[in-house]
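> Sequence:
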Amino acid sequence: MTQASAENNGLGLLPPAGEPESLYERFHWLYAFCREHLFRDDTGRISAALWPAGVPAEGSSLLELGCGPGFYARRLAEHFQHLHVTGIDRSGRQLRRASALAAARRLDNCRFEEGDALALARPAGSVDTLVSSRLLMVLSEPERAMAEMYRVLRPGGRCFIAEPRSPLRAAVPL
12 MTQASAENNG LGLLPPAGEP ESLYERFHWL YAFCREHLFR DDTGRISAAL
62 WPAGVPAEGS SLLELGCGPG FYARRLAEHF QHLHVTGIDR SGRQLRRASA
112 LAAARRLDNC RFEEGDALAL ARPAGSVDTL VSSRLLMVLS EPERAMAEMY
162 RVLRPGGRCF IAEPRSPLRA AVPL
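Oh and the sequence shown: position 60 is 71 in the working numbering, straight run, nothing missing.
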């Protein structure tokens, strides 16, 4: 299968004319493959850390920053169908793939939006839970992203950050 046909198979459509190409845009198919098949699945650890009682409160929200193909957003939305899940990423191709995969699984509680982790288009204190995996290590200003995470989390909200190659290896209270 050629790259062009892989991009047009309904899971990774070509970007609109003029959309910028980043490394994640150009190799979206490779990252999506690695995320889906090679990287460790930490859904259980994420769930246990975010909801020690076992389940999120009815109608609560979760924001996944740097969601890429939406792996954790989709997994958590599928497992907790009463949870309102939103994945945010800058890559249009990754978001189109995430949306197509969520639609194929009929995940009505899961949506994806283009956005910037350094300037989230969310009101302060509007998110119950937040997940970020493999995001901070690719940002030029990870401190700004963490400040945004803190800003959008409601008081008492919970955040799970997974950075496999980051010096940030301990739980940091936000």
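Bear in mind the hints are in silico, worked out from the structure with no lab data behind them. We put the beta carbon where it would ideally sit given N, CA and C, even for glycine. Don't take each hint at face value.
What the hints assert, rightly or not - Restraint ranges, calculated between C-beta atoms of paired labels, are given here: (1) Ser137 / Val66: 32 to 42 Å; (2) His93 / Ser151: 30 to 40 Å; (3) Arg117 / Ser151: 36 to 46 Å; (4) Ala115 / Gly167: 26 to 36 Å; (5) Gly55 / Arg116: 31 to 41 Å.
> Please go over all the hints and tell whether each is borne out by the structure.
Verification of the supplied hints:
no. : hint                        : result
1   : Ser137 / Val66: 32 to 42 Å  : violated (21 Å)
2   : His93 / Ser151: 30 to 40 Å  : holds (37 Å)
3   : Arg117 / Ser151: 36 to 46 Å : holds (37 Å)
4   : Ala115 / Gly167: 26 to 36 Å : holds (35 Å)
5   : Gly55 / Arg116: 31 to 41 Å  : violated (19 Å)
The earlier numbered hints that this structure contradicts are 1, 5.
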